[in-house]
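Participant: Given next are the chains, with one letter for each unit.
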Amino acid sequence: MEGIIFGICAAFSWALGGVSVRIALQYLSPVLTTTVSLIVGFFLTFVIVLAIFPNEIHGIQGPILLWLCLYGTLNFPLGRYLNYSSIRIVGVSRATPIFSISTVLAIVYGIILLDETVNAQLVLGAVVVLIGVILIMSENHDK
Amino acid sequence: MINRTSIRKKFTGIWLGYLFALGAAFSYGTSQVVAKNIVETIHPLVAASFGLLFGAITMSIFASKEIKSAPKSIGPYIKASFAGLFSSAGIVFMFLALNTSPLVVVSPILAINPIFAIILSSIFINRLEKITIRLVLGAVCISTGVILVTLSLN
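Chains as they are written, first to last, in the working numbering: chain C, 168 to 310; chain G, 2 to 155.
These are calculated hints, taken from the structure and not from any lab test.
One or more of the hints may lead you astray.
[What the hints assert, rightly or not] Covered stretches of chain C, as calculated for chain G (at least 3 residues, CB under 8 Å):
1) 206-212
2) 229-238
3) 263-271
Think of the CB as a built atom: it goes at the ideal place given N, C-alpha and C, for glycine as much as any other residue.
Hey, can you work out the whole structure from these sequences and the hints?
Facilitator: In structure tokens form, the structure reads like this:
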């Protein structure tokens with residue numbers, strides 16, 4: 168039950184975050200909004216890390232630092248900047264569903280790079296996602 | 002009379018927005034593969050925190066070029082802070098959920114995030130966002146598809 172409540176809180180927080188972005192982007196550029204959100208996000212998570220995993224910080228050195236740098240650059244400046252730029256143009260309700268296909272992409276990478284197996288349910292899921300993306304993107308915006 | 006240039010501009014703009022959204026999904030998907038290597042050594046929340054730090058440092062370089070033209074009042078920055086606060090709270094809640102329940106339970110709940118986004122948009126920013134049946138159907142399809150794909154791994 169706890170997991171379900173935390174899961175709902177996570178999904179709700181992300182959605183609320185998207186709405187806050189849409190509001191902030193009326194006054195700030197995507198670059199400034201991304202920067203402010205990353206700084207605030209870092210402090211929030213770092214306080215929790217210091218409280219719960221203080222010893223893990225000492226373990227961060229050598230190659231893992233390089234991996235973290237790559238992960239941080241791909242996920243945050245690049246991913247979040249594109250995320251906010253798209254929210255500014257198409258809106259949070261249209262952009263957020265499209266971000267969700269990242270899960271499908273990660274699994275496709277797993278199949279290609281890590282030889283993970285493909286099954287009928289996975290293919291069906293990917294097709295349903297594609298239908299959803301087409302439904303949203305083919306909408307007539309001139310109405 | 003229809004202004005062709007304005008329609009072309011709008012069309013290009015909307016498609017550019019979708020292209021950015023696909024680019025973001027591509028970045029997130031790729032970073033998940035990179036994250037797989039990291040979380041074998043350190044806790045995912047520690048990885049997310051340091052990822053945010055590297056991200057903030059990189060973005061600060063770009064942001065420094067916009068400082069002169071940036072708004073001087075504090076209001077817009079507080080609004081942007083809420084964005085960071087809620088996004089990171091989402092990450093923390095996700096790890097709490099995964100710590101207390103298996104992925105098969107948590108994953109479908111996380112996948113309904115687009116539905117929440119549509120509901121909250123219609124409540125808080127209905128003057129900025131137009132919610133249509135087609136959009137709701139599309140979001141439901143994507144959430145269902147993501148649930149199917151994630152559960153297929155188990």
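Participant: For every hint, state whether the structure bears it out.
Facilitator: For each hint, the structure was consulted:
{"no.": "1", "hint": "206-212", "result": "holds (count 6)"}
{"no.": "2", "hint": "229-238", "result": "holds (count 6)"}
{"no.": "3", "hint": "263-271", "result": "holds (count 9)"}
Every hint, counting from the list given before, is met by this structure.
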